Amino acid sequence: MNIEQVILTGLTNGSIYALIAVGFVIIYNVTGIINFAQGEFTMLGAMIVISFVDFGFNMITAAILTIIIVMGISTLMYGLAIYPLKNTKNSLTTIMVTMGLGIVITGISLLIWGTEARPLAPFTGNRPITFLNASISHQDLWIIGSCAVLVLFIYLMFEKTYFGMAFRACMSNKEASRLMGISTEVMAMLAFALSAGIGALAGIVMAPVTFAEYDMGMMLSLKGFVAAVLGGLTGAPAAIIGGFVLGILESVGTGFISSGYNDFIAFAALIIIMLIRPSGILGHKSIKKV
Amino acid sequence: MLEVKQLNVSYGHVKAIHDVSFHVKNGEIFSLIGANGAGKSTLLLAISGVLSPQGGEILYNNHPVQEKNVRYMVNQGVTLVPEGRQIFYDMKVKENLMLGAYRHKKKINILEELEKVYELFPVLKTMESRIAGTLSGGEQQMVAIGRGLMSNPTLLLLDEPSLGLAPLVIKEIFLQLEKLRKTGVTIILVEQNAKAALKISDRAAVLVRGKIEKIDLAENLFQNQNLHEMYVGTAVNK
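Going line by line, the protein sequences match chains A and B. Our numbering puts the first sequence at residues 1 to 290. Our numbering puts the second sequence at residues 1001 to 1238.
Extracted from the complex, chain A is given alone in its bound form (with noise of 0.2 Å):
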């Protein structure tokens, strides 16, 4: 493999850890959770959308309903679990929760899905682009571009609204934010949903590339929380370096060594870099919550 094929791999790769990533420290700066349920979120996205295709519904129409759907769920899934919780100081025991709602999730998509892996066709066509000594697939080239338009519309979202800057706000002092008249407990749950829409939207473009599956989602889990501790947890930056640095290291083992190092690549990146510079890519010196 070439070193620019590497390169394409990785950022197709890294684009998906990227999404997952975003939606973890999305999450974790408004509410100080780690959310282990975030890679359900994707399979979700993955097996709601093969549904409705099969069922008869078009790309597009499959796609938004997958996405307000997951992000029903992750509301419900905010009020009935994570929300009691909200005086709990002891965040393991929220780590906990969100463990056991990705397990419980996972559980009834094996009810309702069964065992078997679901495939997806692309959304346009099979035929390879080559560029530059590389052959990217246009699938490929639709889960790059998602990530782009994600990155565009969380700017213009976080850095041009009002809402975005009140977003904002929670992320920076929750404390503070109350005082405003800010709800944190509204933001809390829109930063739920939100994250669950970009994993979903994470699920939606990767289904053609990869076979479905209702466990799939743990492993996406620990692969976006390795990307959002490599950027550093500290915002939707930083989480997408860390998702195409993971995806790139990734590349870079299963190019030059072998395609079965993928998984400790990822974790062996994530002991380096806790040793080296704890607080990820983009961190700050010290991180307060987790």
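The reader is advised that the hints may include incorrect statements.
[To be verified] Estimated spans, in silico, between C-beta atoms of each pair:
1) B:Lys1171 <-> A:Leu275: 43 to 53 Å
2) B:Ala1035 <-> A:Asn90: 28 to 38 Å
3) B:Arg1209 <-> A:Lys89: 26 to 36 Å
[Unchecked claim] Simulated crosslink set (BS3-like; lysine-lysine; CA at most 25 Å straight-line):
4) B:Lys1211 <-> B:Lys1195
5) B:Lys1107 <-> A:Lys160
6) B:Lys1068 <-> B:Lys1107
7) B:Lys1179 <-> B:Lys1199
8) B:Lys1005 <-> B:Lys1211
9) B:Lys1107 <-> B:Lys1182
10) A:Lys160 <-> B:Lys1125
11) A:Lys160 <-> B:Lys1105
12) B:Lys1068 <-> A:Lys174
13) B:Lys1015 <-> A:Lys89
14) B:Lys1199 <-> B:Lys1214
15) B:Lys1116 <-> B:Lys1092
16) A:Lys160 <-> B:Lys1092
17) B:Lys1106 <-> A:Lys160
18) B:Lys1025 <-> B:Lys1211
19) B:Lys1106 <-> B:Lys1094
20) B:Lys1106 <-> B:Lys1125
21) A:Lys174 <-> B:Lys1105
22) B:Lys1199 <-> B:Lys1025
23) B:Lys1182 <-> B:Lys1171
24) A:Lys174 <-> B:Lys1106
25) B:Lys1182 <-> B:Lys1125
26) A:Lys160 <-> B:Lys1094
27) B:Lys1092 <-> A:Lys174
28) B:Lys1092 <-> B:Lys1125
29) B:Lys1179 <-> B:Lys1094
30) A:Lys174 <-> B:Lys1094
31) B:Lys1068 <-> A:Lys86
32) B:Lys1171 <-> B:Lys1195
33) B:Lys1015 <-> B:Lys1005
34) A:Lys160 <-> B:Lys1116
It is worth saying that the hints were derived from the structure and are not from the lab. Everything numeric in this text was worked out from a predicted model, so none of it was measured. Where a beta carbon is used, it is the ideal one built from N, C-alpha and C, also for glycine.
Position chain B against the provided structure of chain A, taking the given hints into account.
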């Protein structure tokens, strides 16, 4: 405007405020002075809706508000500028100020309110694009007060605005508070710097271990020999 009756506030089993009663008139500056741990900040937190009192009553414009939360109080025009400033350090000065108007964004013209704040603190206009965390302590305090004013409050609760500031900066801040009074805003001021607080206040209360020891005109308290020695630092005639 504000009437506090037999108020009791506790942190768990520790009682911080015991049967405190006082009233604040429209348009006045009312100071709460006392030593560390006297319960001054707790009182402000209860009035602003951050803490729920265990007993007693808080009447704001004759309506009981002791059970109401911060959002309700902000909507009613009561704004707390907290101790330690609590500004959004990683956001721009202008964003900090604009967030002060969050609950009132549909009712007020944010740009007009911004201009009013800039009139009071002209230095903030020149640094509106700067990240708030990079400002000096005094400038950050101006941001905190300016942010509080953005909601066009009728009652402003100021908790230790002089904390950690240089004497010249304190003088400047208190000068602006006097200007603010002229616009009709009622102010409850919590201060350890009793001398500065009493100089600009109409009336004041002295809190000792969660109880009100004395309420009087600020000038009378300033002249009171015992209080002067205890809270202002030097005896009156020395």
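Do the hints match the structure? See the list:
1. B:Lys1171 <-> A:Leu275: 43 to 53 Å: Hint holds: Cβ distance 51 Å, inside 43 to 53 Å.
2. B:Ala1035 <-> A:Asn90: 28 to 38 Å: This hint holds: roughly 35 Å between Cβ atoms.
3. B:Arg1209 <-> A:Lys89: 26 to 36 Å: Once the Cβ atoms are compared, 28 Å apart, the range 26 to 36 Å for Lys89 (chain A) and Arg1209 (chain B) holds.
4. B:Lys1211 <-> B:Lys1195: Holds. Lys1211 (chain B) to Lys1195 (chain B) sits at ~21 Å (cutoff 25 Å).
5. B:Lys1107 <-> A:Lys160: 20 Å, holds
6. B:Lys1068 <-> B:Lys1107: 21 Å, holds
7. B:Lys1179 <-> B:Lys1199: 14 Å, holds
8. B:Lys1005 <-> B:Lys1211: Holds. Lys1005 (chain B) to Lys1211 (chain B) sits at ~12 Å (cutoff 25 Å).
9. B:Lys1107 <-> B:Lys1182: 23 Å, holds
10. A:Lys160 <-> B:Lys1125: 20 Å, holds
11. A:Lys160 <-> B:Lys1105: 15 Å, holds
12. B:Lys1068 <-> A:Lys174: The given pair, whose Cα atoms are some 19 Å apart, holds under the 25 Å limit.
13. B:Lys1015 <-> A:Lys89: 23 Å, holds
14. B:Lys1199 <-> B:Lys1214: Measuring from Cα to Cα gives roughly 17 Å; hence the hint holds.
15. B:Lys1116 <-> B:Lys1092: Holds, at roughly 18 Å.
16. A:Lys160 <-> B:Lys1092: Given that 25 Å is the threshold and the Cα spacing comes to 13 Å, the pair holds.
17. B:Lys1106 <-> A:Lys160: 17 Å, holds
18. B:Lys1025 <-> B:Lys1211: With a Cα-Cα distance of about 21 Å, the restraint between Lys1025 (chain B) and Lys1211 (chain B) holds, given a limit of 25 Å.
19. B:Lys1106 <-> B:Lys1094: 18 Å, holds
20. B:Lys1106 <-> B:Lys1125: 23 Å, holds
21. A:Lys174 <-> B:Lys1105: 20 Å, holds
22. B:Lys1199 <-> B:Lys1025: Satisfied, since the Cα-Cα distance of roughly 18 Å is no more than 25 Å.
23. B:Lys1182 <-> B:Lys1171: Roughly 17 Å between the alpha carbons, so the hint for Lys1182 (chain B) and Lys1171 (chain B) holds.
24. A:Lys174 <-> B:Lys1106: 23 Å, holds
25. B:Lys1182 <-> B:Lys1125: 22 Å, holds
26. A:Lys160 <-> B:Lys1094: It holds: about 13 Å lies between the C-alpha atoms, which stays within 25 Å.
27. B:Lys1092 <-> A:Lys174: 17 Å, holds
28. B:Lys1092 <-> B:Lys1125: Measuring from Cα to Cα gives roughly 12 Å; hence the hint holds.
29. B:Lys1179 <-> B:Lys1094: Distance of about 22 Å is within 25 Å: holds.
30. A:Lys174 <-> B:Lys1094: 19 Å, holds
31. B:Lys1068 <-> A:Lys86: Since the Cα atoms of Lys1068 (chain B) and Lys86 (chain A) sit roughly 19 Å apart, the hinted pair holds (cutoff 25 Å).
32. B:Lys1171 <-> B:Lys1195: 11 Å, holds
33. B:Lys1015 <-> B:Lys1005: 16 Å, holds
34. A:Lys160 <-> B:Lys1116: This hinted pair holds, its Cα atoms lying about 23 Å apart.
When each numbered hint is compared with the structure, no violation occurs for any of them.
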